[in-house]
Amino acid sequence: MTSSANRTWTHAWLMLAPSLALLALFTHWPAIATFIDSFYSTPRPRRPSRFVGMDNFEQMLTDPVFWQAMSNNFWFAVGTIPVSIALALLMAIWVNDKIAGRTLARMAFFTPTVLPMIAVANIWLFFYTPQYGLLAQVLGAFGMNSPNWLGSKDTALFAVTVVAVWKEAGFFMIFYLAALQTVSPSLAEAAALEGASRWTYFRRVQFPLLMPTTLFVLVNAVIGAFRTIDHIFVMTRGGPDNATALLLYYIYQVGFSFWDTGYAAALTVVLLALLGLIALVQYGLLERRIHYR
Amino acid sequence: MTRSIDRRAVLQGAAAIAAATVAAPALAQARTEVSFFYPVAVGGPITRLIDSFAADFEKENPSIALKPIYAGTYQETIVKALTAHKSGTPPVTSVLLSTDMFTLIDEEAIVPFDDFIRTDADKAWLKSFFPGFMENSQTEGKTWGIPFQRSTVVLYWNKEAFKEAGLDPDKPPATWAEQVAFAEKLTRRDGGNTTQWGLQIPASGFPYWLFQGLTTQAGAILMNSAGNRTAYDAPEVIEALQYWVDLSRKHKVHPTGIVEWGTTPRDFFERKCAMMWTTTGNLTSVRANAKFPFGVGMLPAGKRRGSPTGGGNFYLSKKVSKAEQEAAFKFIQWITTPERAAKWGIDTGYVATRKDSWDTPEMKAYVAGFPAAAVARDQLEFAVAELSTHENQRVTKALNDGLQAALTGTKTPEAAMKDAQAEAERILRAYR
Chain A
1 MTSSANRTWT HAWLMLAPSL ALLALFTHWP AIATFIDSFY STPRPRRPSR FVGMDNFEQM
61 LTDPVFWQAM SNNFWFAVGT IPVSIALALL MAIWVNDKIA GRTLARMAFF TPTVLPMIAV
121 ANIWLFFYTP QYGLLAQVLG AFGMNSPNWL GSKDTALFAV TVVAVWKEAG FFMIFYLAAL
181 QTVSPSLAEA AALEGASRWT YFRRVQFPLL MPTTLFVLVN AVIGAFRTID HIFVMTRGGP
241 DNATALLLYY IYQVGFSFWD TGYAAALTVV LLALLGLIAL VQYGLLERRI HYR
Chain B
1001 MTRSIDRRAV LQGAAAIAAA TVAAPALAQA RTEVSFFYPV AVGGPITRLI DSFAADFEKE
1061 NPSIALKPIY AGTYQETIVK ALTAHKSGTP PVTSVLLSTD MFTLIDEEAI VPFDDFIRTD
1121 ADKAWLKSFF PGFMENSQTE GKTWGIPFQR STVVLYWNKE AFKEAGLDPD KPPATWAEQV
1181 AFAEKLTRRD GGNTTQWGLQ IPASGFPYWL FQGLTTQAGA ILMNSAGNRT AYDAPEVIEA
1241 LQYWVDLSRK HKVHPTGIVE WGTTPRDFFE RKCAMMWTTT GNLTSVRANA KFPFGVGMLP
1301 AGKRRGSPTG GGNFYLSKKV SKAEQEAAFK FIQWITTPER AAKWGIDTGY VATRKDSWDT
1361 PEMKAYVAGF PAAAVARDQL EFAVAELSTH ENQRVTKALN DGLQAALTGT KTPEAAMKDA
1421 QAEAERILRA YR
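Protein chains in written order, with our numbering: chain A, 1 to 293; chain B, 1001 to 1432.
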């Protein structure tokens, strides 16, 4: 190797070093440490941490709250991901056209995204309040009885899912809107000349062109389904009787309410594995089908 | 001549500057900084009251810099305090739930107050608190917490609604049966819609606390004082839960599902419920917001009267310097003098935590003009310690989950309490 090439390499590594150090310190090391911790018992002042092998994971198998949180999270994901993506697409196509008050509509759809989640949760808390909350008043005007949305096991998970959709859809709309603006207008003109209907144009031209964006949005939506829990804290605290306990909320509870850090680490490993698996499917399988030539 | 004066002046000036630069850090060092975490669980301008107390204290003790930090709800505050403890720099003192005592001891996060009690005045000070409040402050023969914002559960009722229902507006229900009978008269229906509930007992956040009112009245004690045994499945406990569930399912005088802790006072102001159970800590807020005459009474009796105590204690952190602990101790003594305890009670509605503060002229005048303020104190005679065990959060969650399961109708009261007890047993076995 010549000395100038050598210097280039040194340069490159030096330039990369700060980011690498930060990435290792704040992303890789915590992940590895969590993985290691998951095989140890929780350290207590009077009982130091010791190696327990798979104990924490075995505990999980018999922990009803864990399974409830898993199933809650599954339904939460099933509820939020397709609906928020479909809504985002619909809104984006709508405000992409030259409709009257387009800017206002765009702003209205985007507003939930810029609001802090805690504020959103408080607003919805009022919507859901029994007897005099917004929903109860609207339903009452039609002579209908409003259920105790957040206080009943049958409706609580649905109620918090709706809030997440409301919040996420506007965010995803921005990506779709950006993608739609890059679609060449000549395509629309050509379709119009061919006499294609609006629906055909969407199905055969717009939607396929949006697929890479959809993948990106999908990845974000999946992460969101496992990550947004702020509103759970404000609205239900996982209740009633764990009906709205999502996986991340349960991890928080075990880690910071019960201070059972060993078990919390094991739960985190499961969450990481789950997300890793989903990412693998998304990038390994879906991406290959989307970025066709 | 002028030169020499000049030189002397310059020298003097230099000396003065040198002295100042040496003295300034010394002065700064002499100021002990006391960080103080406190939570807010009720309505009203609590943060402003604390800040003004802190300012007054600093004025009297210039060597101490008190830093009050509002840390969220009780739950959020203990998370922050313990996280800070684990990272090595905890707040010097914090107000945390009295029930977190065992957790804090197990984490070795706090020191007992006994080491700071030296003079007879100190001993008298420690003895001045209501014994009912000390039950959740002492274990293993030591005092770990100093009662500060303490409370009991009380019954608030809307006198106007009582009049409309043909009830004596000055007479709250005295027994369980009366409570149901009154609530039936107070519940108003408009077709299938209920426009006013007779009674609300909140079940979000800390359902166990309000439930402990019912279990105490049924004659049960939920845990032992060592904090390693619970009695969630005792027949009296199941009976108490059955009563709560029946209020909504059988008598239909209480909303079904989970009643929110936070919105219950609002429901009361909006006349959506005629009677509510909530903390006496809400007294000042209710007084400010209720647009109708209201009454405050002890909880109705089952086999006996009863309510748990509740609220927060001062704790001293272990991982801070002795000087900081001493400064914090000084502040805790300062803020719990009879006059200040009385002022705190008057401004918030919390129960002034020591007997002699009720003899101060301010408190006497306040109670004379607003007799409701004394209800919680009088109820202390029937009060029991709040549910508190080792691994408190987890053991309490087992009970909370069971309560919510029964109230939402997924389990019978008996099955719910059996499950809760089994879970508590599993966790507490290690502490016997």
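Keep in mind that a hint or two might mislead.
[To be verified] Keeping only pairs whose Cα atoms sit at most 25 Å apart, straight-line, the calculated SDA-like set for lysine to any residue is: (1) K153(A) - G1409(B); (2) K1252(B) - S257(A); (3) K153(A) - S257(A); (4) K1080(B) - F258(A); (5) K153(A) - F216(A); (6) K1163(B) - S257(A).
[What the hints assert, rightly or not] Okay, the calculated bits of chain A under chain B, using three or more residues with CB under 8 Å as the criterion: (7) 15-27; (8) 43-54; (9) 126-135; (10) 214-227.
Calculated directly from the structure, the hints in this document are not laboratory data.
Cβ atoms here follow ideal geometry from the backbone N, Cα and C, with glycine treated the same way.
Original post:
Counting residues of the stretch 126-135 of chain A with a beta carbon closer than 8 Å to any beta carbon of chain B, are there 3 or more?
Top reply: With 4 residues closer than 8 Å to chain B, the stretch 126-135 of chain A meets the three-residue bar; holds.
Original post:
Do the alpha carbons of K1163(B) and S257(A) lie within 25 Å of each other, as the hint requires?
Top reply: violated (45 Å)
Original post:
Keeping to a limit of 25 Å between CA atoms, is the pair of K153(A) and F216(A) held or broken?
Top reply: violated (34 Å)
Subject >> Hinted pair K153(A) and S257(A), Cα distance within 25 Å >> reply: holds (23 Å)
Subject >> Within 8 Å of chain B's CB atoms, at least three CB atoms from the stretch 15-27 of chain A: coverage verdict >> reply: violated (count 0)
Original post:
Is the straight-line distance between the alpha-carbon of K1252(B) and that of S257(A) 25 Å or less?
Top reply: Answer violated: K1252(B) to S257(A) is near 35 Å, above 25 Å.
Original post:
Taking a Cβ-to-Cβ distance below 8 Å as contact, does the stretch 214-227 of chain A have at least three residues touching chain B?
Top reply: The restraint on the stretch 214-227 of chain A is violated, since only 0 of its residues have a Cβ under 8 Å from chain B and three are required.
Original post:
Does the alpha-carbon distance linking K153(A) and G1409(B) stay inside the 25 Å limit?
Top reply: holds (9 Å)
Original post:
Do three or more residues of the stretch 43-54 of chain A come closer than 8 Å to chain B, measuring C-beta to C-beta?
Top reply: Check passed, 3 qualifying residues.
Subject >> Pair hint K1080(B) and F258(A), alpha-carbon separation not exceeding 25 Å >> reply: Distance of about 13 Å is within 25 Å: holds.
Hint violations for this structure: numbers 2, 5, 6, 7 and 10, all remaining hints satisfied.
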